Amino acid sequence: MTLVAPLRAFGRDDLAQAGGKGANLGELVREGFPVPDGFVITTAAYDLVAGGHDTRAHFERVELPAELREAIATGYAALGGGPVAVRSSATAEDLPGAAFAGQQDTYLNVVGDEALADAVRRCWGSLWGERAVAYRHRLGIDSDEVRIAVVVQRMVEAETAGVLFTADPVTGDRARIVVDASSGLGEAVVSGLVTPDHYVLDAAGEVTAYTPGRREVVIRGAAGGGVVRESGADASGERLPGEALRELARLAGEVAGHFGRPQDIEWAYAGGRVMLLQARPMTALPPPPLGRLNPVRRKLGAILLEYVPVRPYPIDMSTWVPYGPAGLMARVTGHFGIRGAFEDFLVEEEGVVYGLVPPRPRPSIRMLGTPVRILRLARRHDPARWTEDPRFRTFVAATEELESRDLAALAWPELVRIPRQALDLVQPVADLRIDYLPGSGLALLRLLVSLKLLGRGKEFGDLIAGARTRTSDANQALEELAEEARLTNALDADPPPAAFAAKLRAFLAEYGHRETASPLLVTPPTWADAPETVLGLVRMLAAKPPAPAAGDDALERLLAHPRLRQAARRTRMTRRVQAARAGVAFREDSHFFFTEPLPVLRRSLVEIGRRLRDAGLLQEPEDVFHLRLEEFEGIDDVKTLAEPDRERLRATVLRRAAKREEFAGVRLIDPAVIFPARPAGDALVAGTPAGGGTATGPVKVIADPAEFGRLTEGDVLVCPYTNPSWTPLFQRAAAVVVDTGGSASHAAIVAREYGIPAVMGTGEGTSVLADGQVVTVDGGTGLVSAAP
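Oh and the sequence shown: position 231 is 231 in the numbering used here, straight run, nothing missing.
In short, the hints are calculated from the structure, not lab data. This structure is a prediction, so every number in the text was calculated from the model and none was measured. Even glycine gets a Cβ: it sits at the ideal position worked out from N, Cα and C.
Straight-line Cα separation of at most 35 Å, DSBU-like style, residue types lysine-lysine; simulated pairs:
#, residue 1, residue 2
1, 452, 299
2, 299, 458
3, 544, 503
4, 544, 458
What follows is a list of derived Cβ distance ranges for each label pair:
#, residue 1, residue 2, range
5, 672, 480, 38 to 44 Å
6, 145, 388, 55 to 61 Å
7, 556, 488, 35 to 41 Å
8, 666, 33, 25 to 31 Å
9, 455, 360, 34 to 40 Å
10, 499, 388, 33 to 39 Å
11, 145, 193, 31 to 37 Å
12, 62, 491, 57 to 63 Å
13, 634, 408, 19 to 25 Å
14, 491, 568, 49 to 55 Å
15, 666, 556, 49 to 55 Å
16, 360, 505, 42 to 48 Å
Produce the entire structure from the sequences given, and follow the hints as far as they go.
Given below as structure tokens:
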């Protein structure tokens with residue numbers, strides 16, 4: 001049992017003995033990097049002293065065994081005595097996704113055997129401090145599995161010290177090195193006590209940007225031990241010499257290259273030499289900048305950003321992302337000669353989605369035959385009759401059969417096959433899309449051309465908005481449910497009246513498979529999984545009686561055109577409008593039906609997670625979302641799984657959960673790349689004009705479906721994204737302002753249908769506008785201004 005050993009005895013594979021900090025520093029020492037000499041008091045020493053007492057109070061009063069005190073004293077003497085730095089090194093820190101920065105204690109300028117022993121005890125005790133315990137709980141890390149080592153290093157009395165990042169932590173640019181520096185020990189920079197000098201370097205160490213700091217305080221070692229804080233006024237204006245910056249850049253590149261990922265490095269400069277005090281993986285690093293996108297990539301990026309508003313889980317990436325709507329559209333576009341339009345747009349790091357990169361569609365030789373193929377399919381397949389296709393009927397019957405299964409009663413081998421069966425159901429759907437989309441597109445094109453010839457091209461949007469779809473049916477059913485609630489006061493009754501409860505069950509049975517957040521992901525709940533979302537919509541709609549049903553004014557206005565006086569021409573134009581509406585309905589309704597397997601897929605995954613939890617493999621059933629489908633499909637019997645396999649599965653879930661937590665504050669993509677800033681003038685926000693005139697009202701920021709019930713009549717709806725589940729809100733909103741989307745997005749089309757102004761793709765509406773702020777939304781100019 002090794003209690004104390006030199007730093008050089010450890011490497012990156014010795015985490016269990018040396019903790020994260022000790023393992024990383026030992027690795028750097030082995031590779032010849034300039035690291036102060038030192039030793040590690042291992043986790044075995046911690047176990048010896050802890051004796052099963054995992055409390056801070058225990059370590060504050062416990063005595064060290066004689067053999068351990070002697071080993072520490074020997075290591076200290078080998079360093080020559082004198083001042084040392086004593087740093088905590090837990091087995092769960094400095095890991096990708098869990099840096100644990102500042103969660104355990106560090107003691108600087110420690111002098112003497114007794115002071116060193118006391119600092120070691122305090123480091124051990126800091127593992128059980130309130131701050132560290134709360135941090136582990138947030139990451140889902142079992143405290144019983146965490147142990148702590150202590151790193152003791154010769155103290156560097158720095159003239160200047162600080163932190164460097166081997167990539168830009170704000171932009172994600174891997175070609176930039178960011179250095180924060182100030183006079184004295186680096187603790188002043190690390191703990192945020194000073195405004196440091198800020199350098200941005202290129203790979204060669206040349207300064208590309210510099211902002212001087214203020215040096216409010218300087219921390220230095222005190223005679224006899226400990227540190228003192230001094231005024232930094234006398235040190236103002238000092239800058240690192242060029243050779244020091246170039247050396248920092250060189251070391252930054254080599255350390256990042258050695259560990260294979262960007263690093264967060266603490267350093268010190270003394271006597272003309274740079275020393276490395278710590279290195280750990282950078283956390284919460286944004287994806288690398290994408291640069292300027294061409295119009296096609298920007299358009300695809302706008303679509304995907306609206307459809308992926310939340311970070312996918314690994315289970316999404318192995319189920320609904322490749323097999324659901326995006327996978328279907330990849331097959332459709334591929335059939336017509338376009339490759340890569342809906343593939344590989346999500347980038348993963350260590351099994352967790354890291355960023356969204358708009359794809360680069362490219363034509364294939366198959367595209368040469370696409371015009372003929374489109375015309376042939378359009379003649380053979382009428383979108384108005386697609387639900388009569390035998391393939392559709394087979395799909396519906398198979399979906400209903402799968403949904404009827406009692407998942408809880410299935411044996412494990414049967415249950416674990418359900419997700420794949422649900423995914424197999426939707427694969428033939430791509431053939432229906434391939435066959436019927438050409439007719440839909442040509443019908444829309446024929447109507448648009450006809451309108452332009454009549455000088456009525458601007459009425460195209462209003463005409464196709466009159467299409468009856470399953471989304472409009474759902475909205476009407478919601479209005480009826482809300483009217484029932486309003487008349488019976490059902491939302492305030494406990495239990496609700498039987499008639500309302502029955503109508504709610506019927507509504508969820510028909511429309512409950514609708515997504516709340518994204519049609520491309522399986523992990524967010526559906527309406528049936530989260531009925532509170534539906535009740536929020538009902539509460540919002542029930543605040544006011546429904547408006548009378550509107551007539552088909554757009555068609556009536558068109559048929560009044562002087563050139564359509566002849567009955568034959570009116571009939572022909574009416575058929576063209578109806579055909580175009582059938583095309584719109586096919587696009588909308590095919591999505592509605594093709595997502596019907598989504599609830600049974602999600603329920604089967606949660607049931608699998610429940611059984612893994614009951615077998616002691618997961619903390620919660622939803623932790624199964626951190627796994628890929630193939631990682632549990634191969635388990636023959638969850639109850640007899642071998643211990644090494646059990647540990648491997650637990651470790652995978654823990655690692656990915658920590659990685660996902662790391663990315664919690666990192667956007668999948670910078671919206672400004674897709675929605676470039678538009679001249680706003682005196683306006684508060686500018687975006688893509690999507691029509692609907694102007695309207696004034698108080699802002700209501702709705703971040704996600706759980707907040708639907710907050711919207712009231714006349715509010716300006718401001719939201720980060722939309723999908724069909726959001727459209728009932730448009731029945732009460734005065735206007736809509738969305739961070740994502742364009743003039744052809746679902747939200748824009750529905751907003752025009754309801755006659756409310758819409759501004760899309762603002763990129764920043766939800767962060768600039770605040771609840772209660774009275775604004776005027778101009779759907780013609782794309783501007784949102786403060787109301788007079």
